[in-house]
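The chain contents come next:
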Amino acid sequence: MSAAEDERRANDTPLPQASGADTQSATDGSPCEGCGSSAAAGGGRREFMFKIGLGLMGAGGVAAAAPVVSAMLAPGFRSYAEQWVDLGAVEDFPPGETRFATFVNPWTAPTDGLTARTGCWVRHIPPGGASRRGPVQPLDTSSDEPPPPDAFNPEAPDFQVFAVNCAHLGCPVRWFPQSRLFMCPCHGGVYYEDGSRASGPPPRGLFPYPAKIESGRLWIDAGRLPGLEEAP
Amino acid sequence: MTDHGSPNERGPLARAVLGPLSWLEDRTGIGAFIAPIMTHRVPPSAKWFYVFGSATLMFFSLQIVTGICLATLYAPSASNAYQNLVHIDTQVPFGWMLRALHGWSSNAMVAMMILHMVQVFLHATYKFPREMTWMVGVLLCLLTLALAFTGQVLRWDQDAYWGIGIGAAIADRIPFVGNWARGLLLGGPIISGETLSRFFALHVFVLPGITIALVGLHLVLVLRHGISEMPKAGEPVDPATYREAYEKRIHKEGVPFWPDAAKRDMVFCGLALLALVAIALLAGPMGPNGIPDPTDIETNPRPDLPFLWIFGLVSLIPPASETAVMLIAPGVLILGLVLLPLFGNAGERAPSRRPFMVLGVVLAATTVGILTWEGAKSPWSPVMDAWSSMPTPIEYVEDRGPLELQGAVVVQNAQCRNCHELGGEGGKRGPALDDVATRLSYDQLIRQVQQGGGNMPAFGKNLTSAETEAVVRFLLTMHPANEPVSSPPGALLPIPPQAAERR
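Keeping their order, the protein sequence lines are chains Y and S. For the first sequence, this note's numbering assigns the number 101 to the initial residue and increments by one for each residue that follows. For the second sequence, this note's numbering assigns the number 7 to the initial residue and increments by one for each residue that follows.
Treat the hints as calculated values from the structure; they're not laboratory data. Take these hints with a grain of salt, some might be off.
[Claimed, not checked] Now the stretches of chain S that chain Y is said to cover, found in silico as 3 or more residues with beta-carbon under 8 Å: (1) 46-58; (2) 125-135; (3) 256-267; (4) 297-310; (5) 419-429.
For each residue, glycine too, the CB sits at the ideal point set by N, CA and C.
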């Protein structure tokens, strides 16, 4: 055993003895009532200090917690007012065509970079609602006929604007003008030109943005990632 | 201590080294703390099956070291994270190797963790008294997967961007609180700079912090209960006597962990580390795979290897069961794993006496393996450029009439091949069209093209009558020479009575 260790042991030994003596006098108590009462008074003071300490710590913690809780949870509770975004002149979207349009998200942070940009599909329904490839086939018996688009966009009855996000799990759908279908690259969701579900796993049609025409320009109410809970 | 003698009896060099060391030991007690841990007794039967936990820990340590180095080079800002990664890959000395090591070590950590978990499960090491060791291990498993997913997000490329989109879409499906959960995940109304910052904080501070703490707890529990012996059939665990019997055996036959058991860990970890470096050198860093521009939709997002099976799962299950599978199944699975030792903490440990547990492992491994394979191939996805990049095989247009040839053009132009193969090329979502005429008659083909069904869109509005007719005329030529065109049973004429009499 080294000298240093011996020394430490020697230093250590008095401590347990002292504490032992302490407990003994506290438990015995009887020889001196005054000692006991003074200990009780001391205990009261100690208890008071302890309570004060708890209270102060608690108050400080609550005060400091506000920004912490806000930073962690606020994004879940924030509400977003209507924000109308300009997609461009109405003439940029000729009748009968579905075109890709991009816009910058109305709520941006300085570090967003490219991700502040968002894409969407703009469909200009031609007069009569017929597709470019010819009249509607008489044999069509699809039961889930979509509602007329003007029910959704009273201020832009000839327009439908769809989010790029597939209603299944949010991957970007692509428009194929030849087959007049939207196809998703992830799990094979397919949609018709009016946004209704054609096949694959999506639980519903494409998410539409509310659209309106104002002073010759097409506007959409956008800014939130479309999802099952939020989308109309 | 005594075997070293007094420092004064030694030479000056030994004094110069041992003096400060013994001072340090005296003031810190590190040696006295570590020595019993390193030399704790382990059963002699703990051999090569026991190396996977150490390998997981080694790869986790490597993740911490390479992760700290990467944190000195990476800026978690959506506006330049991508360029930052390219800079690390191309400009920073050994930056590409640092990223390669961190990326592949993540996969290696997941792999070793799974091997460790399977070994513990098969040998029923989770039984008395090591229930909590297993429960903490399940949490560590989840944390490891969470680290892998959040790490993939920090690789701010197209896969990362749309990968979070998938995460957000799943969160959105939670009833009642979906919107709130999605907001928490994204940190804002869309996937943006706030999202990346959130995932950075998770990946770099929160998750590693919890993981380190739980790894510590896991190891403390391993030391507290001792390393389990290899299971022997016919020697069931009896909680009443196990501890005493184990202590007795370990006292008699046990060998010190260092160096007797550690040497195998070192051999395996060394080989695993060398293999990892080789993979990192050969395969290079993972991504970044394309600028995360949400308006660039010519993308084909895929998750990293540990999550491919989930990607496969959500496209193969019936759509109606999706929400349940995505939201309820993980909870049930995790709860089942956590509570496993509480339901069976006694009895046989040997795999030969627990055939259903072995079957469960085989079943799980087969399921995850097949789903990973399917996820990697994703035959359900349309091949987006099949219609424009894959020519119609020449033998399918030889000796065809004008209407049939027109149909071949429509098949190509109407993107039929994005989902249907022709001559082995094209999508696999729908059936191959090479012999479609042997399965469907003229009427059935017309109906199928116009009305769709069986997971095919209806093309009634999208093709003119003439186009539909041409397509079907072309498809009717798609049959082997020795197999006739299909005709529906109703179209078959009954055998004339005279012919029947002649038989």
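Here is what the structure says about each hint:
1. 46-58: Contact hint for the region 46-58 of chain S vs chain Y: violated, 0 residues under 8 Å.
2. 125-135: violated (count 0)
3. 256-267: violated (count 0)
4. 297-310: With 10 residues in contact (Cβ-Cβ under 8 Å with chain Y), the coverage given for the region 297-310 of chain S holds.
5. 419-429: Contact hint for the region 419-429 of chain S vs chain Y: holds, 6 residues under 8 Å.
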